[in-house]
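A.B. asks: Protein chains in written order, with the numbering used here: chain V, 3 to 114; chain P, 24 to 140.
These aren't lab readings, by the way, just hints derived from the structure by calculation. Backbone N, C-alpha and C fix where the C-beta goes; we use that ideal spot for every residue, glycine too. Don't take each hint at face value.
[Claimed, not checked] A few chain V residues that don't get close to chain P, going by computed Cβ distances all over 10 angstroms: (1) Pro10; (2) Arg24; (3) Ser68; (4) Pro72.
[As the list claims (entries may be wrong)] Listed below are several chain V residues computed to face chain P (Cβ distance under 10 angstroms; list not exhaustive): (5) Gly5; (6) Leu13; (7) Ser32; (8) Glu42; (9) Leu45; (10) Met48; (11) Pro63; (12) Arg66; (13) Phe67; (14) Glu102; (15) Phe104; (16) Gly108.
[To be verified] Within a straight-line C-alpha distance of at most 16 angstroms, the following computed EDC-like cross-link-like pairs (lysine to aspartate or glutamate) qualify: (17) Lys135/P / Glu42/V; (18) Lys84/P / Asp108/P; (19) Lys72/P / Glu102/V; (20) Lys81/P / Glu43/P; (21) Lys92/P / Asp77/P; (22) Lys132/P / Glu42/V; (23) Lys72/P / Glu89/P; (24) Lys73/V / Glu54/V; (25) Lys84/P / Glu43/P; (26) Lys135/P / Glu43/V; (27) Lys84/P / Glu38/P; (28) Lys29/V / Asp88/V; (29) Lys64/V / Glu54/V; (30) Lys29/V / Asp58/V; (31) Lys132/P / Glu43/V.
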Amino acid sequence: NAGVMQNPRHLVRRRGQEARLRCSPMKGHSHVYWYRQLPEEGLKFMVYLQKENIIDESGMPKERFSAEFPKEGPSILRIQQVVRGDSAAYFCASSPRASEAFFGQGTRLTVV
Amino acid sequence: AQSVSQHNHHVILSEAASLELGCNYSYGGTVNLFWYVQYPGQHLQLLLKYFSGDPLVKGIKGFEAEFIKSKFSFNLRKPSVQWSDTAEYFCAVNILGSGAGSYQLTFGKGTKLSVIP
Numbered sequence: 003n004a005g006v007m008q009n010p011r012h013l014v015r016r017r018g019q020e021a022r023l024r025c026s027p028m029k030g031h032s033h034v035y036w037y038r039q040l041p042e043e044g045l046k047f048m049v050y051l052q053k054e055n056i057i058d059e060s061g062m063p064k065e066r067f068s069a070e071f072p073k074e075g076p077s078i079l080r081i082q083q084v085v086r087g088d089s090a091a092y093f094c095a096s097s098p099r100a101s102e103a104f105f106g107q108g109t110r111l112t113v114v
Numbered sequence: 024a025q026s027v028s029q030h031n032h033h034v035i036l037s038e039a040a041s042l043e044l045g046c047n048y049s050y051g052g053t054v055n056l057f058w059y060v061q062y063p064g065q066h067l068q069l070l071l072k073y074f075s076g077d078p079l080v081k082g083i084k085g086f087e088a089e090f091i092k093s094k095f096s097f098n099l100r101k102p103s104v105q106w107s108d109t110a111e112y113f114c115a116v117n118i119l120g121s122g123a124g125s126y127q128l129t130f131g132k133g134t135k136l137s138v139i140p
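Kindly produce the complete structure, drawing on both the sequences and the hints.
C.D. replies: And the structure:
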């Protein structure tokens, strides 16, 4: 059973471009969570999704950020018009039910 | 809002020394508690978790943690560390029964452990 797969592992974007981060949950897991880790900080919750539904997006910035988890395919975290402050590690986690989550290796986004 | 505090930013130990990493949370209700470890270049892995029952929880690789409700603490311990324990350790809390937000984890800032051979 493959773990949570995130790609790409590293992503470099120029200011103003769009960043798309993908997360394939573990087989049988229908809950997906996205977290962001800024330098010298712990992981901060961004959004919690189930298939085709956003359950809790209280940690998402109000502008430029969006997330989806379609019926088929991976979950996508999309950042439009990236700025330098978006540079961080973005982690996805999945679980078969609430709370006990398994994490991916993360995507390190660098905005230049 | 709830928060999680990890007291030590960086801990340096010699092999065979004993380890205790502090974790306190600020919420008076029912919680699930976790310790995750992140080895260099790898993903977060679950070390152990507490949901209910015996407050002394044993995890993988010889780690254990004790939940002390009166102190809002969930300290991680290992009697004898190895060089391979060099990693970053994160304490996390999940609050039960708070609606949609109850599925999220609140993390501490992490403690980097360096074990010297």
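A.B. asks: Need the list of violated hint numbers for this structure, in ascending order.
C.D. replies: 6, 7, 11, 12, 13, 28, 29, 30
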